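Okay, here's what each chain looks like letter by letter:
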Amino acid sequence: MKTLLASTALMLSLALPAIAQEYQPDPNARPGGSIIITYKDDVATLDPAIGYDWQNWSMIKSIFDGLMDYVPGTTELRPGLAERYEISDDGMTFTFHLRQGVKFHNGREMTAEDVKYSLDRVTDPATQSPGAGFFGSIAGFEAAGPDGLSGVEVVDPLTVKITLSRPDATFLHVMALNFASVVPQEAVAAAGDDFGKQPVGTGAFSLAEWTLGQRLVFQKNADYWRGGVPYLDSITFEVGQEPIVALLRLQQGEVDVPGDGIPPAKFTEVMADPEQAARVVEGGQLHTGYITLNVNTPPFDNVKVRQAVNMAINKERITQIINGRAVPATQPLPPTMPGYTDGYAGYPFDPAAAKALLAEAGLAEGFETELYVMNTDPNPRIAQAIQQDLAGIGIKASIQSLAQANVIEAGGNGSAPMIWSGGMAWIADFPDPSNFYGPILGCAGAVEGGWNWSWYCNEALDAKAVEADSITDPAAVDARLKLWSDVYMGVMADAPWVPVFNEQRYTMKSPRMGGADALYVDPVSIPVNYDYVYVTE
Amino acid sequence: MAAYLVRRLIQSALILLGVSFITFLLLFVLPADPVRQIAGRSATPQTVANIREQLGLDQPFVVQYARYLGGLVQGDLGRSYLQKTEVATLIAARLPATLLLMAGAILCELVLGLTMGVIAALRRGRIADQALMMTSFIAVSAPQFVVSLLLLYVFAVRLGWFPIGGYGTFAHLVLPALTLGILGSGWYSRMMRSAMIDVLRTDYIRTARAKGLGRARVILRHALPNAVLPVIAMIGIDIGIFMGGIVVVESVFGWPGIGQLAWQGIQRIDIPIIMGVTLVSACAIVIGNLLADLVTPFIDPRIRLR
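Chain order of the listed sequences is A and B.
Using my numbering, read the first sequence as starting at 1 and increasing by one per residue.
Using my numbering, read the second sequence as starting at 1 and increasing by one per residue.
Because the hints were derived from the structure by calculation, they are not lab data.
These figures come from a predicted structure and were not determined experimentally.
Check the hints yourself; a few may be wrong.
Derived EDC-like pairs: lysine to aspartate or glutamate, alpha-carbon spacing no greater than 16 Å straight-line [unchecked claim]:
#1 B/K84 with A/D194
#2 B/K84 with A/E242
#3 A/K266 with A/E242
#4 B/K84 with A/D193
Please take these sequences and the hints and turn them into a complete structure.
Next up, the structure:
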């Protein structure tokens, strides 16, 4: 019987791989205590419709909740404010049943009206949300405005029905994004544009104090609807702290987690000390660093030239430049992403073959071009390595080292022949292969002001991507991932990118910090999942 | 005097207008688009266009600048593009920290600079003079990020006398104020030295000595007050120098002042923040210079303001 149960559970989990079981609480966790986290940059906002930065992403996750959520430390979806949901057979209607008795920090009970208000708000152009585009599959999105989305309907106080205008296999992930967090209308109305400084949510922590430019204090939400968490009584975020200063303070025992990680210049030193290295948690992240080759700019309009560049770059050497804090990439998707093509080796490093390809393209003598790069370390050093590799096959690339905004501008207006993506590289918003395609490799992004800096537009692949995202049946998830794998293999054949490396994440913590390592390199609550970590003393 | 003051105030207003125009123009021609920073990488072209229209960034330069000035004369510095908070609120929250740091820095540079200058003048031409002038030369030339990191490493990390960055207590203030003070002390010691040498050559000092006054009394009672006053009038001009250096020092020491705010605004092309901090800094410099000029005739009655 036991075997039967286990195998049934296994079958169920295979049939619904995206929906995980409840998280098992850490038996060693003890409630209480306070920790100190540092960041270099000030926190711009805690408004979930607006915040899109490294430092505020996981803070917002701790103050707010959405209908969907992830199992801590993993990329597996689990229900959040929605207790359960149903998907219609055609995949076009999602009905969410809300948990009863969930309270906002202001004491009011959360209802379906709040869910509708929050989705209407984030898609209203007046809100200026950078995440509005994620909700494009909801019916009525094109006409979104002060009147709200026609596709979001309140059935009763605990039921919301969302109708889509096209099938969207990623829709549950979208409902787990910060942008889909549920906010109380009266608090937004009272604070106006300052809601980002006076946030009110349903999350595990509430904002207790914010001294602009100095410090934020989060305090435990004693009424949190998820039982048993959070463990910590409070978290203090100190902002304006250089990573090097934060590391020194950590070594003195004044800081628990430096939010910006270990500064590159100190990485080797820290890892060489066994006592410190033991407190460093390493994890993958959904990131790829790449070189874009602008297919509209000769000679990169010739696929042979693009393939030659792919074979000219010594990716191993580039990972050494960043102290081995990355693994060489073979394809656009990072290895931890569903849909990653196992067994595909990518273009080999082979300068002789690359030269032969250039000769076939009629460029045996090489050519001159420009490589755009963001001007913060280590990106100019990586650009120099790329420059040397290109020189090895006769390509003379001059480096344009500029501020981030200027590189983004040159990519978006098509004036940059080559861009090294470092400092701007794609970190997935949600763990799904579609997130690496549309804006950065699809036709939709190959527009003035877009993020597809290769200006690569393959309509056959776009059609395949749409086909993949129309497969909403959870049982057909493998077929969907196979389609996505085909899309990225098609991209590699056309070689608009040189995928260079997938960065690893390293989080250092103080000796008193407890909780599974996965919480410190959480792929979703970046950089740390504050709701589940605890202190041991 | 009143006419002079009116003329100077009008001049100051024109300088601020010029600063606002040049800064606004530079931000306008910059090959980087603030809307794309706001809209983010997932935005549709429609979203980008909407935001551009809402912020009025689709308008010609003249219209945008006129709108900004219109707000400015009503005391409205606008709202941050990315934080959505009022720029005036953001600056007001950070200004006290910057002013405190400046006060500390001025104190440090005066104490260090004047002491060094007086000793060098009294030991003119000797080894102490040469050593002090060499020190002041290094102090003036050393890059601030080097001085700040050096002080941080030695006094906070190694010796543990002061906290490693941060804000709140007197101990937090010492190292950042010292960093800025060391830079300023180089200038002050040189000015103090030459002023003191000039004064020591004057007839009234010779008279005082001839009267048989003691050396200490001659220096402290007669020479120092006369030499130090013109030097002190330089403080107003200092404020401008500090405004430039404060970005680096605030960044290294995690000092929550307006320099940090400016740096973060520049990185994200948050135009209202950049404009706001620039104008506040320009105001400080203009006021500082004005005060320096106004104070001078009280110190030295030979100078008249016209």
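Results for each hint:
Restraint check: the Cα-Cα separation between B/K84 and A/D194 comes to about 7 Å, which is no more than 16 Å; the hinted pair holds. About 25 Å separates the Cα atoms of B/K84 and A/E242, which puts this hinted pair outside 16 Å; it is violated. The hinted pair formed by A/K266 and A/E242 meets the criterion: a straight-line CA distance of about 13 Å does not exceed 16 Å. About 6 Å separates the Cα atoms of B/K84 and A/D193, which keeps this hinted pair within 16 Å; it holds.
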